[in-house]
Amino acid sequence: MTEAIHVATAIRGGASLVHGLQMLDHVKRSGM
-3 MTEAIHVATA IRGGASLVHG LQMLDHVKRS GM
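Start counting the sequence shown at -3; every next residue gets the next number (the numbering used here).
Each hint should be verified, as a subset may be incorrect.
Said to hold, decoys possible - Restraint ranges, calculated between C-beta atoms of paired labels, are given here:
#1 Thr(-2) with Met19: 29 to 35 Å
#2 Lys24 with Val3: 39 to 45 Å
#3 Gly27 with Thr(-2): 39 to 45 Å
#4 His22 with Ile1: 39 to 45 Å
The hints are simulated quantities; they were obtained by calculation from the structure and are not laboratory data. In this text, a Cβ means the ideal position worked out from N, Cα and C, and glycines have one as well.
Take these sequences, add in the hints, and give me the full structure.
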């Protein structure tokens, strides 16, 4: 049970991290 929660949290955290990096990249590109 706890392992599933940890995995779900890790996946969600990784996805939001990737999304944040993509947003940063987009902002930098459109800003320059």
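These are the hints, each one checked on the structure:
1. Thr(-2) with Met19: 29 to 35 Å: holds, 31 Å
2. Lys24 with Val3: 39 to 45 Å: Between Lys24 and Val3, where Cβ atoms are some 32 Å apart, the hint is violated.
3. Gly27 with Thr(-2): 39 to 45 Å: Hint holds: Cβ distance 43 Å, inside 39 to 45 Å.
4. His22 with Ile1: 39 to 45 Å: violated, 32 Å
In summary, the numbered hints that this structure violates are 2 and 4.
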